[in-house]
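Chains as they are written, first to last, in the working numbering: chain P, 5 to 210; chain D, 5 to 210.
It is possible that part of the hints are untrue.
When chains are identical, the list treats them as one kind, so a pair holds in a single copy or across two.
The calculated DSS-like cross-link candidates involving lysine-lysine, where the alpha carbons are at most 30 Å apart (straight line), are [as the list claims (entries may be wrong)]:
| # | residue 1 | residue 2 |
| --- | --- | --- |
| 1 | LYS165 | LYS137 |
| 2 | LYS30 | LYS165 |
| 3 | LYS137 | LYS48 |
| 4 | LYS165 | LYS56 |
| 5 | LYS83 | LYS48 |
| 6 | LYS165 | LYS48 |
| 7 | LYS30 | LYS48 |
| 8 | LYS56 | LYS130 |
| 9 | LYS130 | LYS165 |
| 10 | LYS56 | LYS30 |
| 11 | LYS137 | LYS83 |
| 12 | LYS30 | LYS83 |
No wet-lab data here; the hints were simulated from the structure. Everything numeric in this text was worked out from a predicted model, so none of it was measured.
Below are the chains, spelled out letter by letter.
2 protein chains.
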Amino acid sequence: MEPSYSSLLLQNAVQELTRLPGIGRKTALRLALHLLRQPAEIAKALGDSVIKLREEVRYCRNCHTISDSDLCVICSNPKRDHSTICVVEDIRDMMAIENTSQYNGLYHVLGGVISPMEGIGPGELKMESLFNKAALLETNEVILALPSTVEGDTTNFYLYKTLRNAEVTVTTIARGIPVGDELDYTDEITLGRSILNRQAYHGMGS
Amino acid sequence: MEPSYSSLLLQNAVQELTRLPGIGRKTALRLALHLLRQPAEIAKALGDSVIKLREEVRYCRNCHTISDSDLCVICSNPKRDHSTICVVEDIRDMMAIENTSQYNGLYHVLGGVISPMEGIGPGELKMESLFNKAALLETNEVILALPSTVEGDTTNFYLYKTLRNAEVTVTTIARGIPVGDELDYTDEITLGRSILNRQAYHGMGS
Numbered sequence: 005m006e007p008s009y010s011s012l013l014l015q016n017a018v019q020e021l022t023r024l025p026g027i028g029r030k031t032a033l034r035l036a037l038h039l040l041r042q043p044a045e046i047a048k049a050l051g052d053s054v055i056k057l058r059e060e061v062r063y064c065r066n067c068h069t070i071s072d073s074d075l076c077v078i079c080s081n082p083k084r085d086h087s088t089i090c091v092v093e094d095i096r097d098m099m100a101i102e103n104t105s106q107y108n109g110l111y112h113v114l115g116g117v118i119s120p121m122e123g124i125g126p127g128e129l130k131m132e133s134l135f136n137k138a139a140l141l142e143t144n145e146v147i148l149a150l151p152s153t154v155e156g157d158t159t160n161f162y163l164y165k166t167l168r169n170a171e172v173t174v175t176t177i178a179r180g181i182p183v184g185d186e187l188d189y190t191d192e193i194t195l196g197r198s199i200l201n202r203q204a205y206h207g208m209g210s
Numbered sequence: 005m006e007p008s009y010s011s012l013l014l015q016n017a018v019q020e021l022t023r024l025p026g027i028g029r030k031t032a033l034r035l036a037l038h039l040l041r042q043p044a045e046i047a048k049a050l051g052d053s054v055i056k057l058r059e060e061v062r063y064c065r066n067c068h069t070i071s072d073s074d075l076c077v078i079c080s081n082p083k084r085d086h087s088t089i090c091v092v093e094d095i096r097d098m099m100a101i102e103n104t105s106q107y108n109g110l111y112h113v114l115g116g117v118i119s120p121m122e123g124i125g126p127g128e129l130k131m132e133s134l135f136n137k138a139a140l141l142e143t144n145e146v147i148l149a150l151p152s153t154v155e156g157d158t159t160n161f162y163l164y165k166t167l168r169n170a171e172v173t174v175t176t177i178a179r180g181i182p183v184g185d186e187l188d189y190t191d192e193i194t195l196g197r198s199i200l201n202r203q204a205y206h207g208m209g210s
């Protein structure tokens with residue numbers, strides 16, 4: 005039952021907040037009442053930042069990440085290795101890899117993975133531009149860093165089928181036991197793969 | 005470590021969202037990316053509703069609830085019983101009681117409870133106007149519906165000390181076993197009170 009709000013302004017704010025994923029009516033009300041206790045600038049800054057984000061957002065023409073300009077800071081950086089392209093599902097995975105400081109190449113944000121259940125086929129994803137980039141002489145390697153789900157594997161295979169025609173090395177990120185994890189707490193599929201894909205030992209660490 | 009955002013617009017929106025209680029950086033990023041996938045009107049409506057709420061909010065001059073006008077819909081309703089005032093901590097408790105459809109009197113929103121730990125004394129709460137209303141001839145009963153915490157009990161006692169000088173009946177909401185709960189799962193304090201405050205049996209239900 006919709007509760008009786010004493011104010012239409014409040015009711016409206018709560019309704020808009022509940023459109024966000026994972027935010028129910030009680031949480032939305034708590035957030036709205038929190039904003040009412042803050043200086044007006046806090047609510048203004050929040051509202052403006054959300055509107056501005058959606059209205060002024062741009063996507064990099066090369067890698068399709070969210071960007072403030074036509075070409076993102078990574079794609080426009082001459083110090084990055086432009087011969088390697090890491091394919092990710094969305095910007096969050098790209099940020100996660102950037103945070104490791106272990107990768108110096110470029111990215112390609114697919115915008116999802118193939119999912120017949122959700123009606124997402126190759127046509128709904130940014131694949132054409134990836135194939136065009138892979139066909140360029142300067143591209144040496146395409147790293148597939150998609151999630152290890154059925155959808156991710158399907159997408160990996162689809163990309164691989166097309167990319168093997170191009171003159172590029174196709175690799176995928178290593179799956180294995182996370183650093184610091186116990187072997188007997190690791191699921192069987194991961195443990196099995198980590199044995200099959202064992203690597204030459206190079207001394208301390210890996 | 006602060007991650008590297010590919011867009012200042014996105015970084016800004018995430019930072020503003022993380023100011024909200026219970027929303028961390030990962031959740032904020034998820035919300036921002038969700039808004040980017042929606043039509044621009046959704047983000048616009050959310051942003052506007054939040055700004056408008058904070059800028060145009062008004063409080064009822066009688067009961068201090070959030071209201072769109074000088075006097076809220078409850079206080080300005082002649083069909084409500086103006087001789088009874090229910091004292092609540094905040095608007096959420098008021099909404100919870102309204103939703104029961106069991107109460108036809110007015111409310112008084114204190115705006116908190118006495119909490120020396122948080123530096124909230126009687127002066128920080130809307131008490132003076134409650135005492136003024138209680139002193140009016142038309143007021144018969146003041147119902148204390150504050151939380152059953154140390155702070156709530158302290159506030160109850162403080163209000164009672166002053167209100168007993170006025171010609172009003174002071175009552176408090178019944179504490180007891182929630183309807184449908186098992187006796188042996190109820191905490192001892194609640195069960196103890198429900199025996200001490202037992203009521204005359206009136207046949208089926210209660």
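Here is what the structure says about each hint:
For the homomeric pair LYS165 and LYS137, the shortest alpha-carbon distance inside one copy (16 Å) is at most 30 Å, but the shortest distance between copies (79 Å) is not. With identical chains, the CA atoms of LYS30 and LYS165 are never at most 30 Å apart, being 49 Å at best within one copy and 34 Å at best between copies. In the homo-oligomer, the alpha carbons of LYS137 and LYS48 never lie at most 30 Å apart, since the shortest distance is 42 Å inside one protomer and 36 Å across protomers. In this assembly of identical chains, LYS165 and LYS56 lie within 30 Å of each other by CA distance neither inside one copy nor across copies; the values are 40 Å within and 53 Å between.
With identical chains, the CA atoms of LYS83 and LYS48 are never at most 30 Å apart, being 39 Å at best within one copy and 38 Å at best between copies. Proximity of LYS165 and LYS48 under a CA criterion of 30 Å is satisfied in neither setting, with 50 Å inside one chain copy and 42 Å between copies. For the identical chains of this complex, LYS30 and LYS48 are neighbours both inside a copy (22 Å) and across copies (22 Å), given an alpha-carbon limit of 30 Å. Taking the shortest Cα distances, LYS56 and LYS130 sit within 30 Å of each other inside one copy (25 Å), while across copies they are farther apart (38 Å).
In this assembly of identical chains, LYS130 and LYS165 lie within 30 Å of each other by CA distance solely inside one copy; the values are 16 Å within and 70 Å between copies. In the homo-oligomer, the alpha carbons of LYS56 and LYS30 lie at most 30 Å apart both inside one protomer (27 Å) and across protomers (20 Å), since each shortest distance falls under that limit. For a Cα distance limit of 30 Å, the shortest separation of LYS137 from LYS83 inside one copy, 19 Å, qualifies, whereas the shortest one across copies, 72 Å, does not. In the homo-oligomer, the alpha carbons of LYS30 and LYS83 lie at most 30 Å apart only across protomers (29 Å), although the nearest pairing inside one protomer, at 49 Å, exceeds that limit.
Hint compliance for this structure: hints 2, 3, 4, 5 and 6 are not met, and every other hint is.
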